[in-house]
Amino acid sequence: MEAVRRSKDEKKVLRKQIKASHTLLKHEGISTTPQPSKSLVVANGGLGNGVSREALSAALKEMGELETLIMHPHKPYAFVTYRSEECARKAHVHLNGQKLQCGENSVTLYLSYVDSVTCKEEGSLPLPDGLVLVEDFVSPEEEALLLAAIDWSGTNDDVTAQKALKHRRVKHYGFEFRYDNNNVDKDKPLPAGIPQECLPVLERCLKNKHIITMPDQLTVNQYESGQGIPPHVDTHSAFEDTILSLSLGAQTVMEFRHPDGRLVSVVLPGRSLLVMKGESRYLWTHGITPRKFDMVPACDPQFPAHTMSDLRTNSNLTLSKRGTRTSFTFRKIRHEPCRCAFPSACDSQGGPSASPPSPPSLPSCHADAAHLEEEYVHRVYDAIASHFSSTRHTPWSRVCHFLSLLPPGSVLADVGCGNGKYLGVNPEVIAVGCDRSSALIQICAERGFQVFVSDALSVPLRTASCDACISIAVIHHFSTQERRLAAVRELVRLLKPGGRALIYVWAFEQEYNKQRSKYLKDQNKERPENHSPSDNTSEDSQEPHGKASIQTSRCLEDSPVDDLQCVSKVSDGKLSVHTNRTAFNTQDLLVPWHLKDGKRRGQEESGEGVKKEKEGEVQKDL
Numbered sequence: 001m002e003a004v005r006r007s008k009d010e011k012k013v014l015r016k017q018i019k020a021s022h023t024l025l026k027h028e029g030i031s032t033t034p035q036p037s038k039s040l041v042v043a044n045g046g047l048g049n050g051v052s053r054e055a056l057s058a059a060l061k062e063m064g065e066l067e068t069l070i071m072h073p074h075k076p077y078a079f080v081t082y083r084s085e086e087c088a089r090k091a092h093v094h095l096n097g098q099k100l101q102c103g104e105n106s107v108t109l110y111l112s113y114v115d116s117v118t119c120k121e122e123g124s125l126p127l128p129d130g131l132v133l134v135e136d137f138v139s140p141e142e143e144a145l146l147l148a149a150i151d152w153s154g155t156n157d158d159v160t161a162q163k164a165l166k167h168r169r170v171k172h173y174g175f176e177f178r179y180d181n182n183n184v185d186k187d188k189p190l191p192a193g194i195p196q197e198c199l200p201v202l203e204r205c206l207k208n209k210h211i212i213t214m215p216d217q218l219t220v221n222q223y224e225s226g227q228g229i230p231p232h233v234d235t236h237s238a239f240e241d242t243i244l245s246l247s248l249g250a251q252t253v254m255e256f257r258h259p260d261g262r263l264v265s266v267v268l269p270g271r272s273l274l275v276m277k278g279e280s281r282y283l284w285t286h287g288i289t290p291r292k293f294d295m296v297p298a299c300d301p302q303f304p305a306h307t308m309s310d311l312r313t314n315s316n317l318t319l320s321k322r323g324t325r326t327s328f329t330f331r332k333i334r335h336e337p338c339r340c341a342f343p344s345a346c347d348s349q350g351g352p353s354a355s356p357p358s359p360p361s362l363p364s365c366h367a368d369a370a371h372l373e374e375e376y377v378h379r380v381y382d383a384i385a386s387h388f389s390s391t392r393h394t395p396w397s398r399v400c401h402f403l404s405l406l407p408p409g410s411v412l413a414d415v416g417c418g419n420g421k422y423l424g425v426n427p428e429v430i431a432v433g434c435d436r437s438s439a440l441i442q443i444c445a446e447r448g449f450q451v452f453v454s455d456a457l458s459v460p461l462r463t464a465s466c467d468a469c470i471s472i473a474v475i476h477h478f479s480t481q482e483r484r485l486a487a488v489r490e491l492v493r494l495l496k497p498g499g500r501a502l503i504y505v506w507a508f509e510q511e512y513n514k515q516r517s518k519y520l521k522d523q524n525k526e527r528p529e530n531h532s533p534s535d536n537t538s539e540d541s542q543e544p545h546g547k548a549s550i551q552t553s554r555c556l557e558d559s560p561v562d563d564l565q566c567v568s569k570v571s572d573g574k575l576s577v578h579t580n581r582t583a584f585n586t587q588d589l590l591v592p593w594h595l596k597d598g599k600r601r602g603q604e605e606s607g608e609g610v611k612k613e614k615e616g617e618v619q620k621d622l
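In terms of UniProt numbering, the sequence shown opens at residue 1 and continues consecutively.
Any given hint might turn out to be false.
Unchecked claim - No farther apart than 30 Å at their CA atoms in a straight line, the calculated lysine-lysine pairs in the DSBU-like style are these: (1) Lys75 to Lys61; (2) Lys321 to Lys99; (3) Lys75 to Lys574; (4) Lys90 to Lys11.
To be verified - So the derived label-pair ranges between C-beta atoms look like this: (5) Pro395 to Glu135: 13 to 23 Å; (6) Gln481 to Gly424: 30 to 40 Å; (7) Asn585 to Leu405: 35 to 45 Å; (8) Glu135 to Asp115: 24 to 34 Å.
I should point out that these hints are in silico values taken from the structure, not numbers from a laboratory.
Note that beta-carbon positions come from the ideal geometry of N, C-alpha and C, so glycine has one too.
Using the sequences and the hints, build the whole thing.
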């Protein structure tokens, strides 16, 4: 039998296809098959790669009629099932190795057969009690009139607001919302009341019984693409029950979370009115994740679905690009203590500090670990990216020394590059960086660095392609020993023979030769007025008392796992919350991130209302 001769390009596509199949099996447990079938997995064709359902569907439909197209949230792959096996064969032949244009970027698709595609779908959760979404509440003409009524020229004089909201415009009417105390000064009304242009809208709200009395306070926020608000509950003692939020301009997705963990994502179209009463106003937190694209339900435009359950269970999604959105939030000032039915979240009744949330448990499997890191690492870094970057400006001297020794023309990969402060240290090397946080990658891109979004466990770079790799204060964010070792193996995979890697992680021991680390020493120093008490908690601008290792590229089996024992001392299997600037008591814990003015994450920015104090916890495994 004569062997099939393949061209150089065909061999390259085959290698990439095989590699993609191995990656899917290793990290997702997805097995491919060489036998043709109606179903295929499309590597690089997922929402996690910035591929929209519309773009992928259009390319796939050129090969034949589709039966199903499944795109899981945040995943770099998709599943497609054709009506016939012949159509699947055609797609496998003609789309493998082809580039798909996605806006300004492009991805290369690699298709492999799978035996079958199963998808466990859960129905949408109902809206929280008391939450009402009214679409097309104002006309396009009213929208233009309302937007023109806001005079942004004087916002720079609003010192309190601008101090906290550097990257978003905000304007108050009736009463000023104070970002320094998350409340309003009820005895100091502003000269300008609610603009007259808003009165017809409010009268319509009265007529439709969305409110029973006229609001006397208005906060207008303008969000650019990529901006958002951390989850919060509007302060009970500041405002009465009903809160109105009018969305003008681009649509966005707002997430509502119940204390028991239920999550409902609501698409807010332009010109829609969101009414929050009762439980949805007093108990559920609401927030907007900062990003430039939203995952939204893909449905018939004649019958749009604006309510989603937890996105992790939804596969009928597509991407929606964000634009400029302006929100008008109308509220009524409260002049007596709140007597709501939710004391655990009510500051007038001893909450919310009276009922702190239960800390999460240590992960027991790969899925638990991935979910824990998504909740307490990835989401936090996306929320604090701007403030985090502002505190990360001085490269560590030992890292700079390592980089300075690299020969000109060396290829350097910074895995977990953060805001990219090491990418420009040695201009004579070819430096690329990656990070799990798209918000931090956006900051790197704005600084002109070559970067991409990637998980440190699966970096999309060719094996043995780098002369050097660095991983600075990254690997301790993984929640299990197996995942930390996998991150190290991935660094070694990238290195050429003889290549070198520099790894920094936080050390459990913060004293050496009876000398305390700078992390502990700083706890008693007088800190500047607006300096966060934990600005240096994660990757410090000062040299930490951490651990660094320089490793020559070689097989990891030379260092048996038994030599890397990490015994966690966690009470009842729960992760504790660390007190900043103190010695570490356990090897697995959560470290809270404080934003400016001493506030924890969830208090720096306020958009739809006043924030409830909420911990933003960055996981560290020491």
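Query raised in the report: Do Asn585 and Leu405 keep their Cβ atoms within the hinted range of 35 to 45 Å?
Result: Given range 35 to 45 Å: holds, Cβ gap about 37 Å.
Query - Satisfaction of the hinted span 13 to 23 Å by the C-beta atoms belonging to Pro395 and Glu135 - result: violated (50 Å)
Query raised in the report: Is the Cα-Cα distance between Lys321 and Lys99 30 Å or less?
Result: Given that 30 Å is the threshold and the Cα spacing comes to 21 Å, the pair holds.
Query raised in the report: Is Lys90 close enough to Lys11, meaning Cα to Cα at most 30 Å?
Result: Between Lys90 and Lys11 the Cα gap is close to 19 Å, so the pair holds against 30 Å.
Requested in this report: Go ahead and decide if the range 24 to 34 Å is satisfied by the Cβ distance of Glu135 to Asp115.
Outcome: Violated: the Cβ-Cβ distance is about 42 Å, outside 24 to 34 Å.
Requested in this report: Just tell me: holds or violated, for the beta carbon distance of Gln481 and Gly424 against 30 to 40 Å?
Outcome: 34 Å Cβ-Cβ, so the 30 to 40 Å window holds.
Requested in this report: For the pair supplied as a hint, Lys75 and Lys574, confirm whether the alpha-carbon distance does not exceed 30 Å.
Outcome: Distance ~29 Å between Lys75 and Lys574 Cα, so the pair holds.
Query raised in the report: Can the restraint linking Lys75 and Lys61 be considered satisfied, given a maximum Cα separation of 30 Å?
Result: Holds, because 21 Å separates the two Cα atoms, which is no more than 30 Å.
Hints 5 and 8 from the earlier list are contradicted by this structure; the remaining hints agree with it.
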